[in-house]
Structures are given as C-alpha cells and as structure tokens.
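Residue 122 in the UniProt record's numbering sits at position 122 of the sequence shown; the count goes up by one each step and never skips.
Keep in mind the hints are simulated off the structure, nothing from the lab.
Heads up, the beta-carbon is just placed ideally off N, CA and C, and yes, glycines get one too.
It is possible that part of the hints are untrue.
Unchecked claim - For lysine to aspartate or glutamate, the following EDC-like pairs were computed, each having C-alpha atoms within a straight-line distance of at most 20 Å:
no.: 1; residue 1: K270; residue 2: E246
no.: 2; residue 1: K339; residue 2: E269
no.: 3; residue 1: K270; residue 2: D222
no.: 4; residue 1: K235; residue 2: D258
no.: 5; residue 1: K137; residue 2: D105
no.: 6; residue 1: K318; residue 2: D173
no.: 7; residue 1: K54; residue 2: E92
no.: 8; residue 1: K137; residue 2: E172
no.: 9; residue 1: K137; residue 2: D173
no.: 10; residue 1: K54; residue 2: D316
no.: 11; residue 1: K242; residue 2: E269
no.: 12; residue 1: K137; residue 2: D93
no.: 13; residue 1: K318; residue 2: D105
Unchecked claim - Ranges of calculated distance between the beta carbons of each label pair, as one might list FRET restraints:
no.: 14; residue 1: D143; residue 2: K43; range: 42 to 48 Å
no.: 15; residue 1: Y58; residue 2: V336; range: 39 to 45 Å
no.: 16; residue 1: P160; residue 2: G129; range: 16 to 22 Å
no.: 17; residue 1: V336; residue 2: S223; range: 35 to 41 Å
no.: 18; residue 1: V198; residue 2: E118; range: 15 to 21 Å
no.: 19; residue 1: N292; residue 2: W201; range: 43 to 49 Å
no.: 20; residue 1: P160; residue 2: I84; range: 28 to 34 Å
no.: 21; residue 1: E269; residue 2: T115; range: 18 to 24 Å
no.: 22; residue 1: K43; residue 2: E176; range: 36 to 42 Å
no.: 23; residue 1: F197; residue 2: D253; range: 25 to 31 Å
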Amino acid sequence: MARLWVCVGTTTFFLALLVFHSRFCRSPGLGSFAFVVSWRTEKPLYRLDVGWPKYPEYFTGTTFCVAVDSLHRLVYVAQRGDNIPKVLVFTEDGYFLRAWNDTVDTPHGIFASSTQYEQSVWITDVGSGSYGHTVKKYNSFGDLIQVLGTPGKKGTGVNPIQFDNPAEIYVEDTGEIYLVDGDGGLNNRLLKLTQDFVMQWIRGENGTGPGQFNIPHSITVDSTGRVWVADRGNKRIQVFDKNTGEWLGSWSDCFKEDGPYSVRFTPDEKYLIVAQLNINRLALLSAPPIGNIGDCVVVSTVQLASQVSPHLVDVDRKTGAIYVAELGAEQVQKYVPLK
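Generate the whole structure from the sequences, applying the supplied hints.
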C-alpha cells in the first residue's frame with residue numbers, strides 16, 4: 001500500500017485523507033501512488049471532500065474540465081474518450097443526475113452561466129471532427145443553442161469568428177463573453193464579445209512580450225474590471241482591462257517551476273486559485289486590490305499526488321468549494337473551505 005504524508009494538525013483531516021486514499025488510489029492506469037498534502041500557512045485553507053462524488057464510477061474518460069452552476073447547485077464535468085458520454089451532470093452534493101453527448105467532439109473548457117432567467121453551459125471544442133474548433137452554448141439538458149466559429153474548420157478569421165483550438169470561455173452575468181483561443185493552435189489571442197456575439201476587442205499574438213501569448217489556457221474576470229489570463233507557455237498570468245483590453249501587467253515570479261493552467265477567484269476575491277499541472281499543485285495567490293496588480297504572492301498550496309495532473313478548475317460562487325478536473329487521475333475532486 002502506498003505511503004501517506006499529511007502536513008496538517010488535526011486527526012480528523014488525517015483520517016479523511018486515509019478514506020480518500022483507499023477509495024481513489026486504484027484509478028485505472030494509475031496504480032497505487034502516494035498522496036501528499038502540503039501548505040504554506042500554519043492553518044490549511046481547504047480540505048478534501050472525500051464523499052464527492054457519491055459514485056466516482058461515472059468517470060469513464062479523461063476529465064478535462066469542470067463547471068459549477070452555483071445558482072442551481074449543479075456541477076458539469078466534460079470528459080474525453082471513445083463511446084462515452086462527454087458531459088456528466090452532478091448535484092452539488094455529488095449525486096449523478098444525467099449525461100449528454102450530442103455535438104460534442106473533444107471538449108477542452110466548460111463554463112456554466114446561470115441567471116434566474118436562463119441556464120446555459122458553454123463548451124470549447126478542440127476536436128478535428130465535424131464539431132471541432134468551435135465554442136458552443138447548450139441548455140442544461142444538452143440541447144445545442146448557439147455555435148461560435150466554423151464547425152470542423154480552424155483558422156484565424158475574425159468575421160465570421162473562427163477559432164483554432166479555443167481553450168476556455170468566461171461569461172459574465174451581463175452576458176459579455178471572454179475567450180482565450182490557442183490551446184496549441186495557430187491563434188494566441190484574447191477576445192471579448194458582447195452578449196449578441198459582436199466583437200468588442202481582440203488582443204494578442206504569439207510571443208513573449210506584453211500582451212502576447214504562448215498558449216493562453218484559462219481566463220477569469222474580477223469585480224474590479226480586470227481580465228486574468230493563464231499564459232501557460234510563457235509561465236505567467238497576464239492582466240487586462242475588461243472594457244478596453246489594455247494590458248495592465250503580469251505575474252511570473254510564482255511560476256518558475258511550472259506555468260499556470262487554470263485561474264479562478266474565490267467568491268470574496270481574496271485569493272486567486274491557480275492549477276499547475278506538471279507539478280500537481282493548486283496555488284492560492286493573494287489577489288491585489290484595484291489599481292496596480294503588484295507582485296505575485298503565494299499564500300498557500302495544496303500538493304496533489306504525483307500523477308493527478310490538475311488541468312482546469314472551477315469555484316462555487318456561493319460556498320467557495322473548489323472543483324478540480326484531473327487528467328491523470330481521470331476524476332474530479334472537490335475541496336471545501338475550512339471555517
């Protein structure tokens with residue numbers, strides 16, 4: 001049996017992790033591995049919810065992304081594989097509800113946009129088939145509502161909008177849309193669209209300078225009007241003004257070991273949560289106030305098992321729970337804030 005190291009101070013948390021180990025360390029293709037948790041602060045900020053989901057056997061492919069509908073307490077997981085459902089829907093408590101598969105080729109990013117008037121799920125599709133290189137909007141039952149891009153055709157055109165491996169989408173409550181396009185494709189750019197899909201501005205090209213990208217991989221927006229982009233290949237986070245697209249600065253000091261794969265804020269915007277796939281880590285960075293973004297400061301880390309490979313994450317805007325889509329472990333895990 002694999003050994004277990006836990007750098008926390010409570011017996012309860014230690015026992016919970018033992019339960020996790022016995023339940024999840026037999027994932028297909030992983031064998032037995034050590035589970036390591038380390039923290040940069042004396043008091044841990046999150047704990048693993050070992051009971052989520054209730055039945056992990058529903059994960060039958062490689063889990064690339066996860067999205068939380070905080071209003072309706074739903075969690076969407078998109079996975080890749082042959083002859084499997086591409087989208088799984090769970091309750092916040094971990095019960096499986098349904099799956100759907102139509103018009104989904106190779107999902108990369110997923111986002112749940114929910115108001116009292118509409119529930120929608122957005123998927124970025126990087127497949128080479130007839131549905132690939134598009135950004136698609138669905139209702140919560142998987143009915144296709146809108147397609148952005150030319151299905152099955154990659155490119156750099158702006159009008160009509162044309163994508164090459166679109167990585168992730170973020171939709172504000174106002175309906176405004178932010179996209180990072182270029183998960184290893186020709187494009188390395190950040191786009192903003194209105195709720196009517198009209199281009200407002202576009203930034204970026206391949207490069208290492210300010211406003212240039214090398215695999216823009218994840219995107220989020222804060223309440224002060226800043227757009228945060230995980231510039232994965234350049235091992236940095238870049239920040240832009242959401243209204244004008246103006247470059248505001250970047251963080252790179254925190255990413256010497258591995259670039260950022262995913263970015264999301266905690267509900268109070270006190271921390272920016274960053275997933276780093278190659279070092280199997282979640283980092284909680286101190287989020288700056290309005291104005292100068294300052295320097296990158298790591299407040300706490302969650303060190304995952306060596307073969308977990310966290311890809312993209314999402315955060316419940318009500319509870320603050322972090323959901324992590326893990327490529328290596330082929331599962332999604334849930335971490336809840338400690339009171």
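Restraint check for K339 with E269, where alpha carbons must lie at most 20 Å apart: Within the cut-off at roughly 17 Å; holds.
Hinted pair K137 and D105, Cα distance within 20 Å: Holds. K137 to D105 sits at ~14 Å (cutoff 20 Å).
C-beta pair K43, E176: status relative to the range 36 to 42 Å that was hinted: holds (37 Å)
Given hint E269 paired with K242 - CA-CA distance at most 20 Å: It holds: about 17 Å lies between the C-alpha atoms, which stays within 20 Å.
Range hint 15 to 21 Å (beta carbons of V198 and E118) holds or violated: holds (19 Å)
Pairwise beta carbon distance, V336 to S223, judged against the given window 35 to 41 Å: The hint (35 to 41 Å, Cβ to Cβ) is violated, given that V336 and S223 are roughly 23 Å apart.
Range hint compliance [Cβ, N292 to W201, 43 to 49 Å]: violated (22 Å)
Range hint compliance [Cβ, P160 to I84, 28 to 34 Å]: Between P160 and I84, where Cβ atoms are some 31 Å apart, the hint holds.
Range hint compliance [Cβ, Y58 to V336, 39 to 45 Å]: violated (20 Å)
Straight-line alpha-carbon gap K137 to D93, limit 20 Å: violated (25 Å)
Range hint 16 to 22 Å (beta carbons of P160 and G129) holds or violated: About 20 Å separates the Cβ atoms of P160 and G129, which means 16 to 22 Å holds.
Hint check for D253 and F197 - Cβ pair distance inside 25 to 31 Å: violated (37 Å)
Going down the numbered hints, you'll see the structure goes against 1, 12, 13, 15, 17, 19 and 23, while the others check out.
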